[in-house]
Amino acid sequence: MITLKNIEKVYQTKTIETVALHNVNLHIPKGEFVSVMGPSGCGKSTLLNIMGLLDEPTNGIVEIDGKPISRYRDKELAHIRNQKIGFVFQSYHLINDLSVLDNVELPLLYRSGTSASETRHLALTALEKVGLSARTKHYPTQLSGGQRQRVAIARALIGQPELILADEPTGNLDSVMGEEIMNILLTLNRQDGTTIVMVTHDENMAQKTERLIRFFDGQQVSDAKTTAYDFQQV
Amino acid sequence: MIRHLFKLIWNRKRSNFLLITEIFFCFLVLFAVLSLIVYNVRNYNKPLGFEHENVWLLTMRPDTDSTALNRQTLEQIIQRAKGFQEIEHVALTNSNAPFAFSQMNNDLSYGQKKIMADEYLVQDDFDKVMRMQVSHGRWFGEQDNASHHYPIVINKVLQQQLFEGEDPIGKLLPRNDSSSYQVVGVVDHYRPSSEYTAEEPGFFNRIHLPGNKNDFYGELLIRVKPGTGVEFEEKMVKEFSGIGKGWTMEVATLEKMRQNKAKMAKVPMIALAIICGFLILNVALGLFGVLWYNISRRNGEIGLRRALGASANQVYRQFIGEVLVLATFGLVLGVAFAVQFPMLQVFEVESAVYFIALGIAVGLIYLLAIGCAFYPSRQAAAIHPAMALHEE
Numbered sequence: 001m002i003t004l005k006n007i008e009k010v011y012q013t014k015t016i017e018t019v020a021l022h023n024v025n026l027h028i029p030k031g032e033f034v035s036v037m038g039p040s041g042c043g044k045s046t047l048l049n050i051m052g053l054l055d056e057p058t059n060g061i062v063e064i065d066g067k068p069i070s071r072y073r074d075k076e077l078a079h080i081r082n083q084k085i086g087f088v089f090q091s092y093h094l095i096n097d098l099s100v101l102d103n104v105e106l107p108l109l110y111r112s113g114t115s116a117s118e119t120r121h122l123a124l125t126a127l128e129k130v131g132l133s134a135r136t137k138h139y140p141t142q143l144s145g146g147q148r149q150r151v152a153i154a155r156a157l158i159g160q161p162e163l164i165l166a167d168e169p170t171g172n173l174d175s176v177m178g179e180e181i182m183n184i185l186l187t188l189n190r191q192d193g194t195t196i197v198m199v200t201h202d203e204n205m206a207q208k209t210e211r212l213i214r215f216f217d218g219q220q221v222s223d224a225k226t227t228a229y230d231f232q233q234v
Numbered sequence: 001m002i003r004h005l006f007k008l009i010w011n012r013k014r015s016n017f018l019l020i021t022e023i024f025f026c027f028l029v030l031f032a033v034l035s036l037i038v039y040n041v042r043n044y045n046k047p048l049g050f051e052h053e054n055v056w057l058l059t060m061r062p063d064t065d066s067t068a069l070n071r072q073t074l075e076q077i078i079q080r081a082k083g084f085q086e087i088e089h090v091a092l093t094n095s096n097a098p099f100a101f102s103q104m105n106n107d108l109s110y111g112q113k114k115i116m117a118d119e120y121l122v123q124d125d126f127d128k129v130m131r132m133q134v135s136h137g138r139w140f141g142e143q144d145n146a147s148h149h150y151p152i153v154i155n156k157v158l159q160q161q162l163f164e165g166e167d168p169i170g171k172l173l174p175r176n177d178s179s180s181y182q183v184v185g186v187v188d189h190y191r192p193s194s195e196y197t198a199e200e201p202g203f204f205n206r207i208h209l210p211g212n213k214n215d216f217y218g219e220l221l222i223r224v225k226p227g228t229g230v231e232f233e234e235k236m237v238k239e240f241s242g243i244g245k246g247w248t249m250e251v252a253t254l255e256k257m258r259q260n261k262a263k264m265a266k267v268p269m270i271a272l273a274i275i276c277g278f279l280i281l282n283v284a285l286g287l288f289g290v291l292w293y294n295i296s297r298r299n300g301e302i303g304l305r306r307a308l309g310a311s312a313n314q315v316y317r318q319f320i321g322e323v324l325v326l327a328t329f330g331l332v333l334g335v336a337f338a339v340q341f342p343m344l345q346v347f348e349v350e351s352a353v354y355f356i357a358l359g360i361a362v363g364l365i366y367l368l369a370i371g372c373a374f375y376p377s378r379q380a381a382a383i384h385p386a387m388a389l390h391e392e
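Note that the protein sequences, when read in sequence, are chains A and B. The opening residue of the first sequence carries number 1 in full-length UniProt numbering; numbering runs sequentially from there. The opening residue of the second sequence carries number 1 in full-length UniProt numbering; numbering runs sequentially from there.
By construction, these hints were calculated from the structure, which means they are not laboratory data. Be aware that a few hints might be false.
Below, in silico cross-link-like pairs of lysine-lysine (DSS-like), each with a Cα-Cα straight-line distance of 27 Å or less [claimed, not checked]:
(1) B/K82 with B/K113
(2) A/K137 with B/K156
(3) B/K128 with B/K238
(4) A/K75 with B/K114
(5) B/K13 with A/K137
(6) B/K235 with B/K82
(7) B/K114 with B/K171
(8) A/K67 with A/K225
(9) B/K235 with B/K46
(10) A/K129 with B/K113
(11) B/K156 with B/K114
(12) B/K235 with B/K128
In this text, all values refer to a predicted model and were calculated from it rather than measured experimentally.
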């Protein structure tokens, strides 16, 4: 699905040079649920941005479905993001002036060939999947944190992406809400075969995934299968 | 996408209220100024109905009250004027000569219709002096001397208003006394007031010196040969002063008088355009500032949209689109107000003037909106999505 080869990311200002990622090599196969852990500032989010084609590596190659994307133009990268990738953020990133339904419909706004009625149908289906069918006309400010994150997941789902990139999706939630969100992600991965890469600080959540990669100071320090994944009941 | 933009702006109507109000008022002012400009320009492009180049207006003021003596002197002056080689034609008129600051009107009635029309007293050679063409019927002539009625030549506006589809030639129109006017001719146009004013209903009444011995006419229109200048003017006035001893005489070219009249129309137009320009500049700066602020406030949203699959170009188009939608909200209100003017025939101006002004004002507001949104939208499109999401 996605491969990173010798990825290096350096942030440079006039006075300082910060290495965010150094010599990262990763292959995420289709259908895998991977968690990424590490202390703050170790490069997890940078890694996710590079995987999500929101940022370019300073050096190295990113391949999506075996094709290097380094020569792709902005329009082509946007197309891949829209077609193949869904994003879930720690702070939800919902537009407060749009209703739940309109927020969920957003990705299809940038996809040609989907009619308004089809978009509506897909949005309602996505909201049903995350258990928010009753909140379609609400606005984000009228929802709890967990509900907002479920809206964000529905938004990530609507385009039926092959890959979901989740940046600390349970980071702003209490443990019960966090569990709920985690269960939704696990269901998506197991039932729909969606590939998920999740950045988390929570060891328990990470252990529920199939594979755990640890980062420290911009470097990948471990990459191993978890033990609990196969035995979990969703 | 358009539906999405309308929804977004509608949901943000409270925060956009001031901007929409500003666009609404800007549109109204622009509409008012443009209506005035369109009205003037349309009039300017219409024919005057006469040629004013090489025509002078000699204004004479006698120093005695003896009409008989004054009339005798006046006729001598006219005879002398006709004798000059530099002069092609002369004709007496009353004080409302072309481009003069004077007006005279009279009620004309036909059947049930009664129209207030401008009245111009002119001598038979007026058509030659002003090079006017009669489109129907004839101009005044010797054959009118024996007429029992007062011959008049009307303009087309008066013909349409008073006679509608009827042929006006030969029709009798009652005067205040027991006599009548009789229409002998029609001219297509006659707009002596100014190039910028609309044509009003008007008619020419004949000055026949032997016929009205008690009247004195102090305005003499003189068509001189092309190239005749100040030297001749001095010579002519000197000779006329010799005939009319003690008379005050003043010569003005119709071209100079036209310019003075034009100034009166242009000055308020320019003043209003300047005020309107400042207002538009103010609105533009406001719009630009608000957009700039909005974009910096919406970094997270921009990052999100990029993450969801919007290209930089789509972000750019979205912000331009938002401003256009915002302008549309202001314009819908403005247009709803502005269309009342042609519908209610306010100021009795042609509806086309209002509709043209409305169209231009709408176009200019959209251009202004695009102009103001251009740079902030480009900035929005250039925002790095990862950075924008991180900042949020």
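How the hints compare with the structure:
Straight-line distance between C-alpha atoms of B/K82 and B/K113 comes to about 42 Å, which puts the hinted pair past the 27 Å bound. For the given pair, A/K137 sits about 65 Å from B/K156 by alpha-carbon distance, which is inconsistent with the 27 Å threshold. For the proposed pair B/K128 and B/K238, the alpha carbon gap of about 25 Å is at most 27 Å, so the pair holds. Between A/K75 and B/K114 the CA atoms are separated by roughly 72 Å; this puts the pair beyond 27 Å, and the hint is violated.
At most 27 Å may separate the alpha-carbon atoms for a hinted pair to count; B/K13 and A/K137 meet this at roughly 18 Å. Distance check on the hinted pair: B/K235 and B/K82 sit about 14 Å apart at the alpha-carbon level, within 27 Å; holds. Restraint check for B/K114 and B/K171: satisfied, since their Cα atoms lie roughly 14 Å apart, inside the 27 Å limit. A threshold of 27 Å between alpha carbons decides the hint, and for A/K67 with A/K225 the separation of about 26 Å falls inside it, so the pair holds.
About 37 Å separates the Cα atoms of B/K235 and B/K46, which puts this hinted pair outside 27 Å; it is violated. The hinted pair formed by A/K129 and B/K113 fails the criterion: a straight-line CA distance of about 79 Å is larger than 27 Å. As the CA atoms of B/K156 and B/K114 are separated by approximately 16 Å, the hinted pair is consistent with the 27 Å bound. For the given pair, B/K235 sits about 23 Å from B/K128 by alpha-carbon distance, which is consistent with the 27 Å threshold.
Hints 1, 2, 4, 9, 10 from the list above are not met by this structure, while the remaining hints are.
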